[in-house]
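Engineer: Could you build the full structure based on these sequences and the hints that come with them?
Protein chains: 2
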Amino acid sequence: MKNILIVGCGLLGSSILRRIHKKKITNKIFIYEKSISNISKIKKLKLPGIIVKKLEEGVRKSDLIILCTPMSEYKNIILKMNEHLSKKIIITDIGSSKIETSKIIKKFLRKDIVWIQGHPISGSEVSGPENGKHDIFENKWCVLIKDKDTKKKHLTMLSNFWNKMGSKITIMTAEKHDKIFSITSHLPHLIAYNLVKSAQDFEKIQNYDLIKYSAGGLRDFSRIAASNEIMWRDIFFNNKQNISKAIDLFIKNLNSFKKDINSKNDKSILYKLIQTKKVRSKIIKLKQDVSKPDFGRS
Amino acid sequence: MKNILIVGCGLLGSSILRRIHKKKITNKIFIYEKSISNISKIKKLKLPGIIVKKLEEGVRKSDLIILCTPMSEYKNIILKMNEHLSKKIIITDIGSSKIETSKIIKKFLRKDIVWIQGHPISGSEVSGPENGKHDIFENKWCVLIKDKDTKKKHLTMLSNFWNKMGSKITIMTAEKHDKIFSITSHLPHLIAYNLVKSAQDFEKIQNYDLIKYSAGGLRDFSRIAASNEIMWRDIFFNNKQNISKAIDLFIKNLNSFKKDINSKNDKSILYKLIQTKKVRSKIIKLKQDVSKPDFGRS
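Protein chains in written order, with the working numbering: chain L, 12 to 309; chain E, 12 to 309.
Keep in mind that the hints were calculated from the coordinates and are not lab data.
Treat each hint with caution, since some may be false.
All copies of an identical chain are treated as equivalent in the list; a pair is satisfied when it fits inside any one copy or across any two copies.
Derived pair list, reagent style DMTMM-like, types lysine to aspartate or glutamate, alpha-carbon separation capped at 25 Å [unchecked claim]: (1) K215 x D300; (2) K269 x E214; (3) K91 x E149; (4) K144 x D300; (5) K122 x E84; (6) K303 x E141; (7) K263 x D212; (8) K39 x D305; (9) K270 x D212; (10) K256 x D277; (11) K269 x E149; (12) K39 x E94; (13) K256 x E67; (14) K223 x D305; (15) K117 x D212; (16) K288 x E186; (17) K55 x E136; (18) K296 x D220; (19) K223 x D277.
Structural biologist: Listed below in structure tokens is the structure:
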């Protein structure tokens, strides 16, 4: 791999940038970033890479393009890139939902260009290039999307790239991806936003100053509910069918809990609480979270 | 204060025990613990204090009794203690909901005995005396409950005690307490249990191995959903009216989010996501959580 263009240099774009530089993965790294504020941060932080003023400038000089922008930007970026792309170029992205973006890609990208979709399961509630870290992908999953047209050599090439980023690779279809992450990521985020929204509503109705008592549980949700709103709007809209089904399942189960509580159904509720407890130890065993109680916070 | 009896020596009981010993708050500490497994842990850990075999033994020798058992035990403990209580004794507890337990206390406790209800906003997903810590209450709120019969001298005495535990004191009615914590603690726990339950159901329906992809959000909920099931059953049952209302508000808001998502209502969803984001910085400013991104986990 010779040259890489990173389109969108926020939290994850700048993390990829830092990692490429640290591991000396490529000759040149180009950065295309729309936000003036982000550009001045990148300069101030003295991040590696060459900032290009025009997208096509980076596109023409690169072998690999990585889109790290909100998914709602993909269409415009594709339309801008199309005429400047050479056939040898490979495009990838890090978007958190896949079916809708694959439709955009199929519809608007030049037919002779390869785009392998990717999704590193890494992130944070904070955004921007100042929060990126070279080790953010370390030992985290990176999903690569395979459809009927995907060639093995392209998957291998991108697997190698993400291995160098520190990731473990898993390959699946866009359909499977969007189903799995509707439950393990998209619904949890929506639920966190919704819980904080409900607390805010309650605070207004009751006129209580309740946020100061949030250490008993609410604070955990507030972290996720502080995530970037543009990114999450795009995810919710792009994966709306799966998320809608997940919401229905969630409400069905919540009503069942409500019934247990209102009827003081001891046996039913204890069974549920004991069953759910098992997931935590499974998650820790799979190294998907730290093992320390309370995330090692206190 | 001369002697203190701790009834129930799990996570919080043993934390109080450690703190009393560390700060040399009292002459003697008695421990009454029903669980044989906990008693052997206390002995193995060489925790301070005298383990009494019979509850009345500790009751007769103490000036302050602190109940640290699940709330469903209160009635039995009161009935066992009643005839052994001297009039000078003060009883308190650390239960997480207050109206129902105040009814139990009023109904079963001898009329000449003072019980001031307390609730330190401290805890963890892990239980047992092996997980207690002397500084678990440090800079955390401790709610003391005041009703029309509460005497100032008793509140002062207990405020002093909890200050020595490291807590900040706030005083409110049982009604206000149960409303506030239905939103900041009880609903978040229920929602976490419910989300993990929904993920388990989904995993079964789809036959996907999805827990391994939980780093994108689910893992945070799994921590809370690993909390002690007896304690949480008691809280849900004891505060069922407020929790039921909180569930209704939550479902109403979730359906509104669903509508935004299905109709791709950009303006409405962005407004919500931006508003909820503000709570996080408020929580950090109020020192209710660590300020590091991702709880400083990675």
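Engineer: For every hint, state whether the structure bears it out.
Structural biologist: Each hint, compared with the structure:
no.: 1; hint: K215 x D300; in the structure: between (35 Å within a copy, 22 Å between copies)
no.: 2; hint: K269 x E214; in the structure: both (22 Å within a copy, 23 Å between copies)
no.: 3; hint: K91 x E149; in the structure: neither (33 Å within a copy, 56 Å between copies)
no.: 4; hint: K144 x D300; in the structure: both (18 Å within a copy, 22 Å between copies)
no.: 5; hint: K122 x E84; in the structure: within (19 Å within a copy, 70 Å between copies)
no.: 6; hint: K303 x E141; in the structure: between (27 Å within a copy, 14 Å between copies)
no.: 7; hint: K263 x D212; in the structure: both (23 Å within a copy, 11 Å between copies)
no.: 8; hint: K39 x D305; in the structure: neither (42 Å within a copy, 31 Å between copies)
no.: 9; hint: K270 x D212; in the structure: both (24 Å within a copy, 18 Å between copies)
no.: 10; hint: K256 x D277; in the structure: between (29 Å within a copy, 20 Å between copies)
no.: 11; hint: K269 x E149; in the structure: neither (40 Å within a copy, 34 Å between copies)
no.: 12; hint: K39 x E94; in the structure: within (22 Å within a copy, 83 Å between copies)
no.: 13; hint: K256 x E67; in the structure: neither (40 Å within a copy, 56 Å between copies)
no.: 14; hint: K223 x D305; in the structure: both (19 Å within a copy, 20 Å between copies)
no.: 15; hint: K117 x D212; in the structure: neither (42 Å within a copy, 34 Å between copies)
no.: 16; hint: K288 x E186; in the structure: neither (29 Å within a copy, 30 Å between copies)
no.: 17; hint: K55 x E136; in the structure: within (22 Å within a copy, 42 Å between copies)
no.: 18; hint: K296 x D220; in the structure: between (39 Å within a copy, 14 Å between copies)
no.: 19; hint: K223 x D277; in the structure: neither (32 Å within a copy, 31 Å between copies)
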